[in-house]
Amino acid sequence: MKKSITFCLAAVMAFALFAMTACGGNDESELVFGWWGGDGRAAQTQEIIDLFVEQSDTVVYIEPVIASWGDYWDMMLTRSLAGDLPCVMQQDVARMIEFVAAGLLQDLRPLIADGRIDARNIPQSALDAGMVPGSNGIYAIPTGMNVTAMTYNATLLRELGLEAPRNLTLAQFMDLGREIYARSGVRTNWIGADPSIQLEIHLRAQGANLFDFSGPTPRMGGTPAMYEEFFQVIATGIAEGWHIRPEHLAGRDGAEMEPMWYPPGDEPEFANMRHWNNPVWSNMLTNAMNDAPDWMEIGMTSFPSNNPQQASFGRSSMFLAITTQADDLDAAAEFVSWFINSVEAYSIMLGDRGVAINPVIATAIQPLLTPPAARQAEFVSWTNAGNSSPFFAGRPEGAAEVVGTAGELQRLTDLVAAGELTPAAAAQMIFDFGNATVR
Amino acid sequence: MRKFLLKDNVAGVVFALPFIIGFLSFTIVPMLLSAYYSFTRFNILRPPEWIGLENYRRMLTDERLRESLFATFYFVFASVPLRLIMALAVAMLLFKSTKMMGIYRAMYYLPSMLGGSVAVAILWRRMFFATGTFNSILDVFGLNRNFAWLGDSRTAIWVLILLAIWQFGSAMLIFLASLKQIPTTYYEAASIDGASKVRQFFKLTLPLITPTIFFNLMMQTIAGFLTFNSAFLISQGGPFNSTNFFALYMYNHTFSWGNAGYASALAWFMLSVLAVTTGILFGTRRFWVYDGGFS
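So the protein lines, in turn, are chains A and B.
The first sequence runs contiguously to residue 439 in the working numbering.
The second sequence runs contiguously to residue 295 in the working numbering.
The following block holds chain A by itself, in its conformation from the complex (with noise of 0.2 Å):
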């Protein structure tokens, strides 16, 4: 009895060791593929998987690593700790310094140089965003093309007679909400899911950046001065009663409750708990015609600014970058080749990852868009067409403690939501940490 216990114990340890592989660690193509998003990209990104899979003549398994934006950046940080990291994971402009930095990202450019990865139809800008600075790599290829863009219940406005142009003022904005807010009890969301890309905005409308990397260590961009309207307006709208108060916010869980359509019904108190906007990405327009109830409308425009032209920006998006701890570059590099280039992925996918960046899939595609893919690729068009301007949107080490989750962006729009801290004191302070936190 003994001796087949220790047996046992032996034989589980042998095959606990066993299973302890690295990233495609093996002589069969076995991949790994990490990428964040909902369910709805976890079941197109499985498909398109499956499809490479069956096209390949090397790659025989592709391990899915799926998880909520948060979430993922977290596992990856564990996992790259553990030198785990999968071969190829989606990338994003925000955090892929942090990577390079760190030496966890491959310079694409030999595996481009070689044509392992065939980048011939992707256009150089798009390549480019793929840089950071003070390197000359190509670390990631984006797969798609957003930009800044509010979304907004056309049928309210319809309903009450107003229109929210494109290239909306800050100053048509605050009379938009008021006049909403007025007339149907529907308030009013300047900040967002992600304050810091209105906070952007706001700067770039003002001619400077969010983070500036032009010295010889990244600072907060501006002045403190540029910072406080930014603050001033959810001060004003809370004052004024138009602007959403972050508890109607608190407690809200999934599409299901968004703050467009819920909680449903005429009744004043439930319509102070909406609002009419949401300012995202150009991508979001998919999810929001999705998930919106049948009856609500989905609109589109730019995020209001004083000079919007100058402040919207497209950004290149759901980058895809192999990483050094990939085992196998040439399996790899053959999955981000066909990913960039395959016009049968792209018509899984369609707008969910942004426009394709590639012309050639982009045209292909065209014909199979779905109304919203359809619309979304008419906005980029629009505001890459003199409607926006260029900008590098990288986010330094440390930014994300002062303009990330749970950051101190997040915790002083709070304060001044609820009346503890003037707009001056709060500009001053997201100044002042960023300075001291950035490196």
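No false leads were slipped in.
Derived Cβ-Cβ restraints for the label pairs, each shown as a range: (1) A:SER214 - B:ILE51: 21 to 29 Å; (2) A:VAL343 - B:THR61: 51 to 59 Å; (3) B:ASP62 - A:THR78: 22 to 30 Å; (4) B:LEU60 - A:GLY254: 39 to 47 Å; (5) B:PHE73 - A:GLN124: 50 to 58 Å; (6) B:THR133 - A:ARG116: 51 to 59 Å; (7) A:LEU162 - B:ILE51: 54 to 62 Å; (8) A:ASP327 - B:LYS180: 56 to 64 Å; (9) A:PHE391 - B:ASP62: 30 to 38 Å; (10) A:GLY254 - B:PHE4: 57 to 65 Å; (11) A:GLY70 - B:VAL13: 42 to 50 Å; (12) A:ASP327 - B:ASP62: 35 to 43 Å.
So the derived list for chain A, only partly shown, Cβ under 7 Å to chain B, looks like this: (13) GLU98; (14) GLU247; (15) HIS248; (16) ALA400.
Quick caveat, the hints were computed from the structure, so don't treat them as lab data.
Ideal Cβ placement from N, Cα and C applies to all residues, glycine included.
Chain B: place on chain A using the hints.
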């Protein structure tokens, strides 16, 4: 070799080996690493860089840390006593032996089994939304103002405290076991002497279970200081950091903000807070714990 392997003490070591390996790998080694990281700037992606006591110095001026400590102590001081009172009260109710008692005990223990789950956290969050079930119940009594319980810094922490109190099951089971240890003859004698049920509880039951109360108090206090799930899943630390418990603050520094070095220093600070707290509790033990009891 065969003889060696079949010795009792060898078999014992082999059986204990999974725990020993686990304890070394997942407790001792991480603790030692954490001690080292606490003296470094470490964002996980890059190798740690030695900065001496800088992380500990930062704690002295960290306003958010002060908010986090306040929220954590508030939560512990409110939730632990209430949870213990609830656990003891239910244990007293379930003390009697009836046919249905097994089912009742299982039912009351159920929240503790579900308590840490994501599903319950989401349910809790929805219950306390402005248009959630809790306000609907208040509506029956004409009290509903569509109040956003999770959106107000005065009430959000109580939503989490309520969840903690609801998860009284494990403490209740320990109290139940302790109550069963008290000989019934004591109660019979007390009844003959004319002691009422209330008097029996305060003069007999309570003193005899003080060692169990002490044990539960200790365990629940430590668990309270380390509360993470509810704040992470229900309130995300808000509003205004009113539920930004220490463990959540540490988590954000580690994973969201890339300050694993500072988070390690925070972890050691928390260890010292726990050591002092348990030390104080042990110090008070001789004043109120009756060690001659049966529990």
